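Each chain, letter by letter, is given below.
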Amino acid sequence: MLTKRIVPCLDVRNRIVTKGIKFQNNVDLGDPVEMAVAYSDGGCDELVFYDITASAERRSIDIAMVRDVARAVHIPFAVGGGIADLDDMYRVLDAGAEKVSVNSLAVHNPDIIAEGARIFGSQCIVIGMDPVKTSDTAAFPSGYEITTRGFRERTGLDALEWARRAEQLGVGEIVVNSVDADGTRSGYEIELTRMIAVNVRIPVVASGGGGTPEHLVDVFNLAHADAAIIASMVHTGDYTIAAIKAALAAAGVPIRKKW
Amino acid sequence: MIAIIDYKAGNLTSVYLAFESLGIDAEVTNDPSTIARASRVVFPGDGAARSAMDHLQELGLTALIPKLVADGKPFLGVCLGTQIILEHSDENDGVDCLGIIPGRVLRFEPSDKMVKIPQMGWNTVTFKVTHPLFDGIDDGSEFYFIHSYFPSPAQACHILGETDYADETFASIMGRENLVATQFHPERSGRIGLQLLENFSRWDGSC
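From first to last, the protein sequence lines are chains A and B. Under the numbering used here, think of the first position of the first sequence as 3, with each following residue one higher. Under the numbering used here, think of the first position of the second sequence as 12, with each following residue one higher.
Next up, chain A with everything else stripped away, as it sits in the complex (with noise of 0.2 Å):
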C-alpha cells in the first residue's frame, strides 16, 4: 500500500537551518546537511529545503548546499526560493536533488513551468502555493486567493482554478501553504486542503499549521493529503518522526515503518 509521506522543510538562510518562532525571529537551528541526515536516518520520508533568502536577495540557490545533501542522504528532496527560470531548474535538479518547488515563478510566468514539465518531467515540478482566505467568493469561488512574496502580495488568482491550472500546466504535485494556519502550531487547515486534494488527480502536500501527531492524522484522514510538511514540531524536539509515525499508525495512518 502507498503509505503516507512525512516531510520535514527546512528554511535556509545563508547555510544555516533557520526558523521564525514567535517572539522570536529567525533562531538558528543547525546545519542543512547534519539535520537532513539526522531526519533521513530519523525516518522522514522525503525533505524540503527552502533557501529563504535567495529570493530576496536576487541571487541563485546555493548549489553547493544542495550537491552536499545528495552526497548525505538518499531519499527525496526538493528544493525551492529563489527558482528563476529554466537554468535555475536544471542547476538544481543536476545536483541531486529530486524535485523543485517554485511559487512566485509559477504565478508570474506558467509558461516556464510547462516547459521546466516538459524539459525535466512532471514528476519533479512542484508548486507551492499560499491561499488566503477571503470572504469575496463573487470574485473567488473558493474562498481563498493566492498570495505570493511570503504572503504580502494578492494575485487576483482563486485558489483552486490555480491548482487546476498547475495541474494542466504539468506539474507533479502541488503544495498548499496555508497562511492563515502558518507557524501557528494548531492544526492544518483541513478544509482547504481536502478542497485542493479532492479536485485534482495530482498528489497534494499539506503544509502550515503542524502541531501534534493528530493533526497530520486529521489531515491524512479528513482531507486526503497524500504528504504532510512538519517543521517546528521536529525542530524543536517535542516530537521524533519515530512518534509521529507510531501515532499515525495507530490510528491506521498507512506509514513506512523500515528505514
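No wet-lab data here; the hints were simulated from the structure. Any given hint could be a false lead.
For lysine-lysine, the following BS3-like pairs were computed, each having C-alpha atoms within a straight-line distance of at most 25 Å [unchecked claim]: (1) B:K84 with B:K139; (2) B:K139 with A:K259; (3) B:K19 with B:K78; (4) B:K84 with B:K19; (5) A:K260 with B:K139.
If you want the ones that stay clear, here's a sample from chain B, every Cβ over 10 Å from chain A, calculated [stated by the list, open to error]: (6) T45; (7) L70; (8) D82; (9) V140; (10) E173.
Since this is a predicted model, take the numbers as computed values, not measurements. Every residue gets a Cβ at the ideal spot worked out from N, C-alpha and C, and that includes glycine.
Starting from the known structure of chain A, fit chain B onto it as the hints suggest.
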C-alpha cells in the same frame, strides 16, 4: 566499474552519488566502448518512453542494450529503464520498446479518483523469489516510487517482486538470468535501497 547509461532520460546524479557513498566505482556514460568494458551496467531513466527510445537511437545504443544482457553482464534497470526493456509501452500513444522481456507497459486507470496519478511515494514490495539482490532486505520493505505507467510482463516467471497500487498488483521487480529491473528508485530508497545497489555491485549475474 559500473556504467550508468546516460541517454538523456532524466537525472542520473542521485544514482551516481548512491554508488559513490558506498565506495563503489561508477561512471555516468553514453560511450558504447566504455559501457561494453564495464563490469556491470545500470540502465536508469525518468520521463517518457518515446523520447527515451529516440535518444537511444540517436546515441546508437538501441542494439547495444539487449546485447549487454545477452552477453551475461549483470544489468540493473531502474524506473523508465525498466519499462522500456519490455516490448511495448502504451505511453505517448504507443511506443515499441527494446523487447528484452516479453510484455507491455500499461497506464494506471484507478476506479477511485482519489487514487492519485502518478504514484508518488513509498510502497511495499513483496518478493516472489529469493535472489542475491535481495540479500539483507526484508520481504515487504518499502521503496520509493514515482510513475504513472507500470510494467506488465507476459510471463509470471519474469516477476521477482510485486506491489499494489490503483487496483493493480504489478511487477515492481522483473528479472531473468543476469537482469534485474525495478520500477522503484533504489538510489532514493534510503538504507534499504543502498543495500540493493551494494548487492548489485557484488552480483556475478547468476541466481
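Hint check results:
| no. | hint | verdict |
| --- | --- | --- |
| 1 | B:K84 with B:K139 | holds (23 Å) |
| 2 | B:K139 with A:K259 | holds (21 Å) |
| 3 | B:K19 with B:K78 | holds (20 Å) |
| 4 | B:K84 with B:K19 | holds (22 Å) |
| 5 | A:K260 with B:K139 | holds (20 Å) |
| 6 | T45 | holds (21 Å) |
| 7 | L70 | holds (18 Å) |
| 8 | D82 | holds (30 Å) |
| 9 | V140 | holds (20 Å) |
| 10 | E173 | holds (13 Å) |
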